[in-house]
Amino acid sequence: MTHGKINNLLKEKPIALELRKVGKVFRSDTGPKLRALENVNLRVLQGEFVTLVGATGCGKTTLLNLIAGLDTADEGNLCLGQGLRFGDNIAHVFQHYTLFPWRTVVSNVSFGLQMRSVPRSERQARAAKLLASVGLEGFEDAYPHELSGGMRQRAAIAQALAIEPKLLLMDEPFGAVDDSTRNELQEMLTNLWQENQATILFVTHNIDEAIVLGDRVLVFSERPGRIAREFKIDLPRPRDRMAKEFTDLFIRIRTALSGQLD
Amino acid sequence: MPRDAQKNRNLWRMSRWLGCPPTGNSSEIWIFRIGSPLGWIVVPVILLIIWQIAAQWLNQPWIFPPVSRVIGQLVHPFREHYASGSLLSNTLISLLRVLLGFLLAAVAGISLGIAMGSIRIIRSSLEPIIEVLRPLCPIAWLPFAIAVFKRGTLPQLFGFGYTRTVFDQVQLGMVFVIFVGGFFPVLTNTLDGVRGVRRNYLLLAQALGAKRRQIFRHVYLPASMPMILTGLRQGLGLCWFVIIAAEMLPGAESGIGYLLMYASDNAAMDIVIAAMLIIGSIGAFLSLVMRKIMSGLVRWHGKEI
Ligand SMILES: Nc1ncnc2c1ncn2[C@@H]1O[C@H](COP(=O)(O)OP(=O)(O)OP(=O)(O)O)[C@@H](O)[C@H]1O
Ligand SMILES: [Mg+2]
Chain A
0 MTHGKINNLL
10 KEKPIALELR
20 KVGKVFRSDT
30 GPKLRALENV
40 NLRVLQGEFV
50 TLVGATGCGK
60 TTLLNLIAGL
70 DTADEGNLCL
80 GQGLRFGDNI
90 AHVFQHYTLF
100 PWRTVVSNVS
110 FGLQMRSVPR
120 SERQARAAKL
130 LASVGLEGFE
140 DAYPHELSGG
150 MRQRAAIAQA
160 LAIEPKLLLM
170 DEPFGAVDDS
180 TRNELQEMLT
190 NLWQENQATI
200 LFVTHNIDEA
210 IVLGDRVLVF
220 SERPGRIARE
230 FKIDLPRPRD
240 RMAKEFTDLF
250 IRIRTALSGQ
260 LD
Chain B
0 MPRDAQKNRN
10 LWRMSRWLGC
20 PPTGNSSEIW
30 IFRIGSPLGW
40 IVVPVILLII
50 WQIAAQWLNQ
60 PWIFPPVSRV
70 IGQLVHPFRE
80 HYASGSLLSN
90 TLISLLRVLL
100 GFLLAAVAGI
110 SLGIAMGSIR
120 IIRSSLEPII
130 EVLRPLCPIA
140 WLPFAIAVFK
150 RGTLPQLFGF
160 GYTRTVFDQV
170 QLGMVFVIFV
180 GGFFPVLTNT
190 LDGVRGVRRN
200 YLLLAQALGA
210 KRRQIFRHVY
220 LPASMPMILT
230 GLRQGLGLCW
240 FVIIAAEMLP
250 GAESGIGYLL
260 MYASDNAAMD
270 IVIAAMLIIG
280 SIGAFLSLVM
290 RKIMSGLVRW
300 HGKEI
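Here the protein sequences line up with chains A and B, keeping their order. Those letters in the first sequence? Residues 0 to 261, per numbering that gives the first Met the number 0, in order. Those letters in the second sequence? Residues 0 to 304, per numbering that gives the first Met the number 0, in order.
Among the clues, some could well be false.
Sample of chain A residues facing chain B (criterion: CB under 8 Å; computed from the structure) [to be verified]:
| hint | residue |
| --- | --- |
| 1 | His91 |
| 2 | Phe93 |
| 3 | Arg115 |
| 4 | Pro118 |
| 5 | Ile162 |
Don't read these hints as lab results, they were simulated from the structure. Each residue gets a CB set at the ideal place from its N, CA and C atoms; glycine is no exception.
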C-alpha cells in the first residue's frame, strides 16, 4: 500500500462528532455571566479514543454535557456523526452520582434497557453478562452504598455499556480510586474499547492516564475553555509507562498544561 | 475467658432490660424496641396498680373507674351498648373510614406532589390555594362535606343502596374529611422530596435514554420515596386524629369516637377509658406498621453516594 492510499483510508474514516466554534455562557441570577467555553473546535473520528486534560473549572464537564445533549450551546454548532442520537446511543459516565442509590447494581446496569422496554429476563441476563465483564459478578444484588469506590466505577461503566453506545463520554471516571485500582480499570477500559469499537471521549486530570488511554490528548485552556494543544499518541498498546517516548510526551503535555496555568 | 463470656451475657441482659442493644445493628434495635420488658410491662403494671388502688379508694366509678372494670369492657369487645354497637364494630367502622379516606389522600397527594414538584407551572399556579387551605383544620370541612354529600354512603355511591353491612356506616362526608386530613401532609412531604431530587439523577436517567414519563416513575418517585413515606406516616396519624374528633361531633351515629361520646353521656366512664385505650393502641400500631414499611422499602436512605 502506498503512502497516499493510507492517507485516503484515514480520510475516509467517518466522523463521529464535530464541534465548530462552540461557546457556552452561564448566566446566574445574582452574579455576572460566566463564559465556560469559547470557540471550541473539535473533530472526533469513529472508533477513536480521545482524552481531555485541563485545569479544574475550565469547562470539561460542560463540554461533555453539551455533547450528550443534556445542555445546549449558546454559540457555534455541534454535529453528531451518522447514526448517533441523543438519549439513544450516547452514554455518559458522570463525574459524580454515577448510580441510582435506590437500585441494586444489576438494576442500575439494566436501567437503560428498561427505558427501552427490553423484557425483564433479557435485561437481567445482559446486565449479568456485563457485570461479569467488568469483574463484578456476585454483586448483582448489592446496593451502590455497599460497594467500594472502584467497584462503583466498574458498575457505572457497565451501566453505560448496557445501552451499547457508539459514543461513550467519561468524566473523570477513575478520579476517586487508588493507583493500582486505577491501572486495573484503565486496562479493563482499553480492552472493552477494543472489543466494542466505540468512540470514547475521556476527561481526566491525570496526564499519565491521558497518555495511557488516548489516541489523542487534548489540552484545554483555562476558562473560558478552548482546546489549546493537541498531542497525537502513536505508541503501541498496551503502553509502557517507562518508555522514553511516553515520558517525553508526559513532559510536553505537562509543560503545555502549566503554560496554561501561568 | 468464661468470666468474659459471663460479663458479656450480663451486658446483654442489662441492655435488654433497658431496651437498648449493646450493638448498633438495626434489626436488633427493632426486636429490642418491642421486647424491652421495662417499658412494655413494668411501668404499665405499676401505673395500673396505682390506678386500681386510687380508684377503689375514691370509689366514684362514674368519674374514675377501677382498672378491673375497664378491662372487663376490653375483654368483651362484642358486647352491644344499647343502640350504639360494640367496641369492636365501632372500631372497625372508624378504621374503615380512615383507610378509605387515607388511601384516596395518598394517591392524590403523591401524584399532585410529584406533578407540582417537577413542573413549575403547576406548582406556581396551585401553591397559593394550597397554602391557604393547608392550615385549615380538617374538622372545619365537616359541615361543608355533610352539606355536599348529605347522608350518602359508600354502597349508595356505587348503587347498592342499603347493604346491612359495616359499609353502610362509611359516610362519604366522613371519608372526605379524612381525605382532607391525610392529603396535605402527604402532598407537602412529597413536594419537598421531589424538589430535593438531585439534578444529577435526572441527568443520569436522561443520558441513559429515559423519556419524561419514565423519569417521573423511575427517578422522581423512588428518589423522593423516603419523604413520601414520612408524609404517609404523618398523614395516617393525622387521619386517625381527625376521625375521632369528627365522630364525637353531633350528627355522627357510629364509630369509636361516637361510642366514646355516647358512653360519656351515659356516665359509663369504663367504656370511655376502654375506647381511649383502643384508640391509642391502634394509632401506635398504625405508626409502627408505617415505620416498618419505611425501613424495608428504602434501605438506601441516608446512604447516597
Ligand atoms: N449549571 C451551571 N450554572 C452556572 N455555572 C456553571 C454551571 N455548570 C458549570 N458552571 C461553571 O462553568 C465553569 C466550568 O465548569 P465545569 O464543571 O465544566 O468544569 P470542569 O472543567 O469539569 O471542572 P472539574 O475538573 O473541576 O470537574 C465553572 O466555573 C463552573 O462554575
Ligand atoms: Mg468536571
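- Message: Of the numbered hints stated earlier in the document, which are not met by this structure?
- Response: Of the numbered hints, just 4 does not hold.
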